[in-house]
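Q: Starting from the known structure of chain A, fit chain B onto it as the hints suggest.
One line per chain: the protein sequences are A and B, in this order.
Residue numbers for the first sequence follow my numbering, so the first one is 28 and each next one is one higher.
Residue numbers for the second sequence follow my numbering, so the first one is 229 and each next one is one higher.
You may find that some hints are simply not true.
[Unchecked claim] Stretches of chain B that chain A covers, calculated by requiring three or more beta carbons in the stretch to come under 8 Å of a beta carbon on chain A:
#1 267-274
#2 278-288
#3 317-323
[What the hints assert, rightly or not] EDC-like cross-link-like pairs, simulated, lysine to aspartate or glutamate; straight-line CA separation at most 16 Å:
#4 K97/A / D82/A
#5 K237/B / E71/A
#6 K97/A / E53/A
#7 K97/A / D56/A
#8 K30/A / E287/B
#9 K30/A / E53/A
[To be verified] Derived, one-sided and incomplete: chain B residues facing chain A with beta-carbon distance under 7 Å:
#10 Y292
#11 Y332
#12 S336
These are computed hints drawn from the structure, not numbers from a lab.
Positions of the beta carbon are idealized from the N, C-alpha and C atoms, including for glycine.
Take a look at the letters that make up each chain.
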Amino acid sequence: AQKVTQAQTEISVVEKEDVTLDCVYETRDTTYYLFWYKQPPSGELVFLIRRNSFDEQNEISGRYSWNFQKSTSSFNFTITASQVVDSAVYFCALSEAGGYGGATNKLIFGTGTLLAVQP
Amino acid sequence: NAGVTQTPKFRVLKTGQSMTLLCAQDMNHEYMYWYRQDPGMGLRLIHYSVGEGTTAKGEVPDGYNVSRLKKQNFLLGLESAAPSQTSVYFCASSYPRATGYYGYTFGSGTRLTVV
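Bound-form chain A, shown alone:
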């Protein structure tokens, strides 16, 4: 069965510190997608990144970077030089195989990591 584990429940850092949010997943699918979402205090879910199981290249987008390692089933998220606006709950999620023929494309979430960035 698919499962996503975010072992860090809460992280508190001081502004300008770097912070890494961990995500470990379990799946028997050979084709899958991994996602990160941000949920600010306002409550909406903000899409950050999607990565497919065939692409292990790390990705950098501004202050955000993602490290995908199939060998350890991890998809970690790093914020460089954190800012107060980064304070939010961050969710890692896994999409099981989907498509026509009865599959579901369900998105399975981890329990989230609350990041508090102090000024």
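A: Chain B alone, transformed into the frame defined by chain A:
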């Protein structure tokens, strides 16, 4: 282009009352999902639908029913609300992966309190 719209945004129910949450999408997505979010639990799938007229149970379906009579709408019903159903409910939609599009669109959520 509104995306996914959930109504209502807030609701307070008394134990035993019934209500329906509406999710409407205007992107012609085949798949739709209802999640609930509780502190420390992340988002858990309640029910989902892979097409008009079809529904299926997710991880936590007990106490809920759903209907997908029209492709653009996915309704979540609570027949007899219980305090354990106090939660934030999110609706989402997506295309099947075979279409080549792999994203999900989420609504803004419905905060439901059962007293």
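Q: Now tell me if each hint is right for this structure.
A: Structure-based check of each hint:
1. Figure legend: the segment 267-274 of chain B, annotated as covered by chain A; annotation consistent (6 residues with Cβ-Cβ distances under 8 Å, at least 3 required).
2. Interface restraint, the segment 278-288 of chain B with chain A: holds (3 residues with C-beta to C-beta distance below 8 Å; minimum three).
3. Interface restraint, the segment 317-323 of chain B with chain A: holds (3 residues with C-beta to C-beta distance below 8 Å; minimum three).
4. At roughly 9 Å between alpha-carbon atoms, K97/A and D82/A fall within 16 Å of each other, so this suggested pair holds.
5. The suggested pairing of K237/B with E71/A holds, with an alpha-carbon distance near 12 Å, which does not exceed 16 Å.
6. Using a Cα cut-off of 16 Å, the hinted pair K97/A and E53/A holds, with the two alpha carbons roughly 10 Å apart.
7. For the given pair, K97/A sits about 12 Å from D56/A by alpha-carbon distance, which is consistent with the 16 Å threshold.
8. Of the pairs offered as hints, the one joining K30/A and E287/B holds, with about 12 Å between alpha carbons and a cut-off of 16 Å not exceeded.
9. Between K30/A and E53/A, the direct Cα distance comes to roughly 5 Å. Compliance with the 16 Å bound is thereby established for this hinted pair.
10. With 7 Å as the threshold, the beta carbon of Y292/B stays out of range of chain A, its nearest partner Cβ sitting at about 16 Å, so the hint is violated.
11. Hint status for Y332/B relative to chain A: holds, with the closest Cβ pair at about 6 Å, below 7 Å.
12. A least Cβ separation of about 5 Å between S336/B and chain A falls short of the 7 Å threshold, and the interface hint therefore holds.
When the structure is compared with the earlier hints, a violation turns up for hint 10 alone.
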